[in-house]
Structure formats: C-alpha cells, structure tokens
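Let the sequences and hints guide you as you build the complete structure.
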Amino acid sequence: MARIEYFGVSGAALRKMGKDPKISVAIPEEWGVGPDKYLVEIDMQHQLHCLNAVRKYAYWDYYYGDSYKNVSMAPKRHQAHLEHCIDILLQALTCNPSLDLISHNWMKTQENPYPDFNIKRQCVAHDPILKWQHENGITEQILKYKNLPRPEHFPEVEPEPSILLIGEDLGHHE
Numbered sequence: 001m002a003r004i005e006y007f008g009v010s011g012a013a014l015r016k017m018g019k020d021p022k023i024s025v026a027i028p029e030e031w032g033v034g035p036d037k038y039l040v041e042i043d044m045q046h047q048l049h050c051l052n053a054v055r056k057y058a059y060w061d062y063y064y065g066d067s068y069k070n071v072s073m074a075p076k077r078h079q080a081h082l083e084h085c086i087d088i089l090l091q092a093l094t095c096n097p098s099l100d101l102i103s104h105n106w107m108k109t110q111e112n113p114y115p116d117f118n119i120k121r122q123c124v125a126h127d128p129i130l131k132w133q134h135e136n137g138i139t140e141q142i143l144k145y146k147n148l149p150r151p152e153h154f155p156e157v158e159p160e161p162s163i164l165l166i167g168e169d170l171g172h173h174e
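Using the working numbering, read the sequence shown as starting at 1 and increasing by one per residue.
Please note that a few of the clues may not be correct.
Beta-carbon label-pair distances, calculated as ranges [claimed, not checked]:
(1) ALA13 <-> CYS123: 45 to 51 Å
(2) ALA12 <-> VAL71: 26 to 32 Å
(3) ASN70 <-> PRO35: 48 to 54 Å
(4) ASP116 <-> PRO28: 23 to 29 Å
(5) ASN112 <-> PRO159: 45 to 51 Å
(6) PRO35 <-> ASP127: 29 to 35 Å
Once the Cα atoms are required to be at most 25 Å apart in a straight line, the calculated PhoX-like pairs of lysine-lysine come out as [what the hints assert, rightly or not]:
(7) LYS69 <-> LYS56
(8) LYS120 <-> LYS108
(9) LYS131 <-> LYS108
Calculated directly from the structure, the hints in this document are not laboratory data.
All residues carry an ideal CB built from backbone N, CA and C; glycine is no exception.
Have a look at this one:
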C-alpha cells in the first residue's frame, strides 16, 4: 500500500520546513546525492503505511494470529505502533479536513435517511507522486537505512514515549 522511499533536500529547504539541520540526518556526500542534503520522506507515504498498519491490526488473526493469539499477548511495541499510527492519521485528518458534503438518501432496508458516501472528490493523482519519488529517491542499493553511520558528537533528540516501545524492528516501514 505504501512505498516509502527516502530522498534528500537542501539545508535551506529543511529550514523552510521548520527543521534544524544541526539535528537532522545529513546524507553522506559519498552517496552521490550531492552536498548539503538531508534525509526526508514524503508524509503521504507514512500516512499510507499507518493506514495499512491499522488495517492489519483490524484483521489481527490473519496477519499476526500465528504468532500471537490476540493483541494483548503481543509485545507492547505492537500496541505502541498502533497508537502512533492512529495519532498520525488523526493529525492528517484534522490538519487537512475534507469539507466535501455528504448528501442523504432514503435507502431500502433503512428506516432513517442514510448518508451517501459516494462523493465526487477532487483527488491528487498518486501515481505521478510515486513516480517522482522513485526517480528522485535514494535507491535501496545506496541507502541502507539502519546502517547509516551516526556521526560522533552529533546532537540527539529525545524520543516520544511510544517510540521507546516501538523500537527499531517494528514501525519503521514494515
């Protein structure tokens, strides 16, 4: 569902995003992306990753049932990942709310008016975004995300509490 790829933006672009290059991950010049580049990903892809994660949790037995009978038996990182994803989707929906109107119809089998969710939406084409992302992304051969060298004496940010539970093996783009 989501295809997260990483790419680089300049320090100036990073500052326009309200981010500090002093604490952002710089892409090593030897990767061939160019000087003054910082690691980013498209938020839409993370949102789709989170939607897919919530979908998988809704069908727990199918996706995780062989490993854990139910979510309460799974490691706490599963619940933390779910909470993180729900929070990300809530932020996306409240920051970019749809103001499309939903009409109501009289529907067979329904006593009360029923909402017609078939809205004519003005959608952004996803495929061109994926194409651009792929053409501008750092390929898998170059980027080994977990093996990115951490510079010595580089400032680190404090994790959100849920990130401590999620850990490195779950949540980041499975």
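Do the hints match the structure? See the list:
At about 26 Å, the beta-carbon gap between ALA13 and CYS123 misses the expected band of 45 to 51 Å. For ALA12 and VAL71, the Cβ-Cβ distance of about 44 Å falls outside the hinted range of 26 to 32 Å, so the restraint is violated. Between ASN70 and PRO35, the C-beta spacing of about 51 Å keeps the proposed range 48 to 54 Å intact. In this structure the supplied range 23 to 29 Å is violated for ASP116 paired with PRO28, their Cβ-Cβ distance being about 53 Å.
Between ASN112 and PRO159 the Cβ separation comes to about 47 Å, which falls inside the hinted range of 45 to 51 Å. For the pair PRO35 and ASP127, the supplied restraint of 29 to 35 Å holds, since their beta-carbon distance comes to about 31 Å. Between LYS69 and LYS56, the direct Cα distance comes to roughly 14 Å. Compliance with the 25 Å bound is thereby established for this hinted pair. Distance hint between LYS120 and LYS108 is fulfilled; the C-alpha atoms sit about 23 Å from each other, no more than 25 Å.
Between LYS131 and LYS108 the CA atoms are separated by roughly 43 Å; this puts the pair beyond 25 Å, and the hint is violated.
The structure shown violates the earlier hints numbered 1, 2, 4, 9.
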